Each structure stands twice: as structure tokens, then as C-alpha cells.
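Novice: The primary structure of each chain is shown beneath.
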Amino acid sequence: MQPDIQDQAVIDADELMAKTAGFKLSAEREAMVDDLQSRYPNKKATLLPLLWAIQEQEGWISREWMAYAARRCEVPLSHVLGVVTFYTMYHQKPVGKYHVQVCRNISCHIRGATGIIDAVERKLGLQHGGVSACGKWSLEHVECLAGCSWAPVMQINRTLHENLSPDQAVKILDELE
Amino acid sequence: MTKVLFEHRGKKGVDTFAGWEAVGGFQALKRALKMKPEEVIEEVKASGLRGRGGAGFPTGVKWGFVPKNTGKPIYLCINADESEPGTCKDRVLMEELPFMCLEGALIAAYAIGAKLAFWYIRGEFDLSERVIRKAVETLREKGVIGKNVFGSGWDVDLVVHRGAGAYICGEETGLISSVEGDKGQPKIKPPFPAVEGAFRCPTIVNNVESLAAVPWILNKGGATYAALGTEKSKGTKLFSVSGAVAKPGVYEVEMGYPMRDLIMNECGGPQAGKTLKAIIPGGSSVPVLPAETALGMNLDYESVQAAGSLLGSGGVIVIDESQSMPELLAILGRFYAHESCGQCTPCREGTGWGSRLLNRIDDGGGKSEDMVTLERIARFMTGTTICFLASSMAMPIQSFFKHFRHEFEALLPATTEARGD
Ligand SMILES: Cc1cc2nc3c(=O)[nH]c(=O)nc-3n(C[C@H](O)[C@H](O)[C@H](O)COP(=O)(O)O)c2cc1C
Ligand code: SF4
Ligand code: FES
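Protein chains in written order, with the working numbering: chain A, 52 to 228; chain B, 695 to 1115.
Hints are computed from structural coordinates only; laboratory data are not their basis. None of these values were measured; they are calculated from a predicted model. All C-beta atoms in this analysis are idealised placements derived from N, C-alpha and C, irrespective of residue type, glycine included. Where hints are given, some of them may not hold.
As a list, the in silico PhoX-like pairs of lysine-lysine whose alpha-carbon atoms are at most 25 Å apart [said to hold, decoys possible]:
1) A/94 to B/881
2) A/94 to B/968
3) A/95 to B/809
4) A/95 to B/968
5) A/95 to B/766
6) A/94 to A/75
7) B/883 to A/95
8) B/968 to B/881
9) B/1096 to A/94
10) B/968 to A/70
Simulated DEER-style distance windows between Cβ atoms [said to hold, decoys possible]:
11) A/94 to B/955: 32 to 38 Å
12) A/109 to B/941: 41 to 47 Å
13) B/1103 to A/109: 32 to 38 Å
14) A/173 to B/883: 45 to 51 Å
15) B/751 to A/186: 45 to 51 Å
16) A/208 to B/729: 44 to 50 Å
17) A/89 to B/749: 30 to 36 Å
18) A/219 to B/705: 36 to 42 Å
19) B/749 to A/187: 49 to 55 Å
20) B/943 to A/85: 38 to 44 Å
21) B/712 to A/85: 29 to 35 Å
22) A/89 to B/913: 46 to 52 Å
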């Protein structure tokens, strides 16, 4: 799990914090965060749910929103950056409208994951980590999704598709077009 | 065969509050609230229930480790991270029997004296998370989570804490780090979480399946549960079977049930046209066994260990003759290298180095000494790290080599010179 640092310019934390002073989530999400902060033992512990709320609203987590999270949870910006880069599901750049995750781990492999991966790659014209130019699709090969008994599986956004054949996988993508 | 966890599975509406009540739901919680916390712990101890998350530690004993009267808050973490490849049982419990899981968690919270519980659920889960969140909301509305539960004077709160894609957060101290808003990095034990866990307070971490058995135990009595299974492995266990069988799925059987029966009866035998070669009985981290060895053993902690593996999470991965063992091991190696949190050098370097060697063997570019190197790496990854992730890669390497050495050797040049390098 290594942070992707290639395309990241040096950040001036103070400047970023100042620039994002007025950031706010939707009223509903702010209320949700307030509620959690009243239940959790401290504000820092609400960082993961807060990052989820940001990603649900924005689709990804920009440096500006990380600065917002740092302020909201009373932690340094570097801490937020460390957390965001540690967890694979927080996106540091936009992903497609449909984020396709195909499982490549052992149980899916035994039930034909390679065929699913090939078919999906060909269909979308994308490789692992790719985002289509139109912004509609992104593709990721992922580790076990805890759907092993219904392998092979693929998850699109938050919906799990089970017991796939390559044709079925392509058909599911076709129907989203 | 007696069903504990799946007693009510498939009954209409059993995933709703009213449906769960209709099959006797919340009787166990009400009963527990009339008992002293220590009495609840004693009942769970008497059941012999052991943790179903992989390590198999006796649940009641663990609860008893929480120190009394420290003045600090006590926390319960429900481990719904379910990330061990081959394991998909907790998902079924949460999606189909959410109120049973929650009732078990609330009883545990009461027994250990926790006022706040964190339901730690892996970020990829969709349905499971929605179902659990909705069930928690319902319980809040009904006052089963909140102040003065069932008029007992006991207050409790429970929040759903969603992970964000990191296998290591299934390890209990990594989970705690993640609950605290940190990177999910495990912490050195001792102190054990029961003494000093989340927010440096006493914390119990339990797997969903362990907690889901607790309502049944309180309703029927610890002794009734202990009468199921074998002498040392009590009760029932869920097995999530995947791979080359006709009917993969999640099955509940009594501990000590023959693996052969599980595969031949519950799972309908091998997938059409396939011959079985190997079985990993307890999730990807435990040693692989040749199919005939695995089929000859019973499914309880001691028998599986005697056969040379571990019961682990109960994720039974069935491998047929058409699979290449070097390829499967390379897949597992890549997984552990990807998931190492990077704190310990033997793990960070060992998983990455090991994975690269396994990949090149699988690709046909291996060197004759690669297996010896891998064996050395596996040895130095074992017992030298903060958590068991490193050993979880070492055990597959050692067991794949032990039982399927010929498949690796067939891909390697006989001597270094033979390849001219
Ligand atoms: C690398 C690693 C990953 C683990 N993943 C999980 C998991 O996904 N779910 C789980 O319940 N336990 C997992 N565990 C086991 C936990 O550390 C812990 O033993 C368990 O949650 C305790 O609950 P139990 O006593 O009810 O089994 C994992 C352990 C290790 C070392
Ligand atoms: S053994 Fe590996 S995963 Fe576990 S703490 Fe050390 S580096 Fe992290
Ligand atoms: S291996 Fe693909 S879901 Fe588990």
C-alpha cells in the first residue's frame, strides 16, 4: 500500500488551510458528522466516516477537502494525507461514473476470474487503474470482496454482481451504457 | 443436525425487527439484562464458544479479561471486516439475520460493561452495511439501543464504522487503529486490547459469527451449546466453501463434522468434470492440504491441526487438478504484499520480495535457487513481526512447497548453469 506521490506537488499546508476555510458539506452530511462527533470519544476518530461523507459528495477527495477534514477532526493535514493514502478505497483523483472492481483473488481465480478480467478490459478498453477519457468508466482489479462462494464476482460502485460468466459481465456493462 | 446460527435462516421476515421478535428474538438480551454481567460471562464460558474470526480464543474467557473498576470507559468492537480470501460467512449473517448479530453484540456489550460499541464493517460491503445500518436505526427507534434498555437502567450506544479497503484492519489492533481515525496499523501486544485497546481503554474485539451465537447460548444455556461438537471444539461453525465444488455456499455444521461429508453432501461433490487436488480449510492464510488428507479429517480445531493445517475462519477453498499451484501461490503472495501495512521490515520486505520471486517462478523465469530463497524468507517472516500477517504468507509458502513441490520444480531450471546465468 504505497502512496501515489508521483503527480503531487509540494503542498503549503497553511495556504491550503486558509483557502478552504469556508468549505462545508451539504447540510445533511454536516448534521451526520455532528451527530457522530457527539457519539465518538474524540473528533479524530470520526475521520474515516468524514472522509466517506466527502467522497460520497464529491466523488473523490481533493487536497482542499483533506484540509477541510483536518480542521473538522482537529488533526494535522499530514495525518489526513497519511490516512487517505493508506486506505485503497479513498480516491485521490476522480474515478469513472461507474467504478468497476473485478476480484482477482484465489476463489474467483479458480472459478474463472481471468476470463472476466479479460472480457471487462476489452469491453472498456481499460487496464487496472485506468479511467476512460469520457469519465464514464474506471477499472480496478481488487482483492477478495468476500463473495467467494458466489465467485467470480465484480462490483460496480456499490453493487456486487455474482456468479459471472465473461458474457454476463459484458452484458451488465452494456446495460449501464 | 442442530443449527444455532442458521436456526431461523430463510424464515419470512426474520431480517426485520418484528420477524426477529416473532422467532424469540430479544428474549436472550432481556434475560441477560436480568443477570449480573459476570453471570453472562460465566454462561458464555460454559458454552465453550471460541472466537470465529480465526484465532479461536475462548470468547467468555476473553470477556473476563476486562479489568474491573478502572474508571475508564470500556469499548466493544464488532469485527465485520471479513477480508480473508475464501471467507464470506459474516456477510450472510449480517444480510439475513441482522438482528441476531446485533442482539449478540448488545449482550456482549452488557457483559463487558461497554457503553459504546463500534460495528467495524469493511468498506466494500454494500448490502451488509445498509442492512446493519437500518437495523441499528430501528433498534434506536425501539429503544433497544439507547438509554435504559428494556427498563434495565443500562445505557448503550452503537455506531457503524465503515472501513475503507485494507485487509489489515481485520487484525484486531489494526481495527482499533482504524476506529481511532488512524492508518490501520496493528499495535504491539501486550498490552492486549482487553486491558488497553481503543482510546487506551479496555476493549473487546469479537468476530460477527462469535457474537451471533451468543443469543442462542443464553436462550438454551451454555451447557446445551457445549453438548454440540466435540470434546474441545464446542458448538457449530459456519464454513464458506468456494472453488471447485458443485454447490459453493455457506453451511453450518457441528464441529467435528467430516470434511468429506461437507464437500460431498452439502456442496454436492466436485464441480462437474473436476478432480480435487487440494483444499485450504480455513481461509487463505492457513496451510494447504492435499485433497485426500483434507477429505479424511474432521472439521474441528484439533483434527484440522493434527492434519497439518488450521481451522482459521472456516473459509474452505477447494482446488481442482486443472489449477496450477505456483499460480495460486503467486496470487496469494501478491495479496499479502499488497496488504502488508509496512511497519515491520520482515513483513514489508518479505512479502514484496517473496511475491516477486513467486511471480517469476509462475512466469517461467525463475532461478533454481528461488525455492530455497523463498523458504528462507518464509522462515524469517515467522514470529518476527507485530501481527500475524507475515506468518499468513509464510504458511502458504511452506505448505504449497511441502505438498506440491514438483509443480514448482517443473517450472524451474535444474541448475543455475542450465539457464546460463
Ligand atoms: C492479518 C489478519 C487479518 C484478520 N482479519 C480478520 C477479519 O477479517 N475478521 C475477523 O473477525 N478477524 C480477523 N482477524 C482476527 C482478529 O485479529 C481477532 O482475532 C478476532 O477479531 C477476534 O474475534 P474472535 O475472538 O471473536 O474471533 C485477523 C487477524 C489477522 C492477523
Ligand atoms: S506483520 Fe506486516 S501487516 Fe502486521 S504489523 Fe507488521 S508490517 Fe504490518
Ligand atoms: S476471492 Fe473473489 S470474492 Fe473472495
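Novice: For which of the previously enumerated hints does the structure constitute a violation, in increasing order of number?
Specialist: The structure breaks hints 2, 4, 8, 9, 10, 11, 13, 18, 19, 22; every other hint is satisfied.
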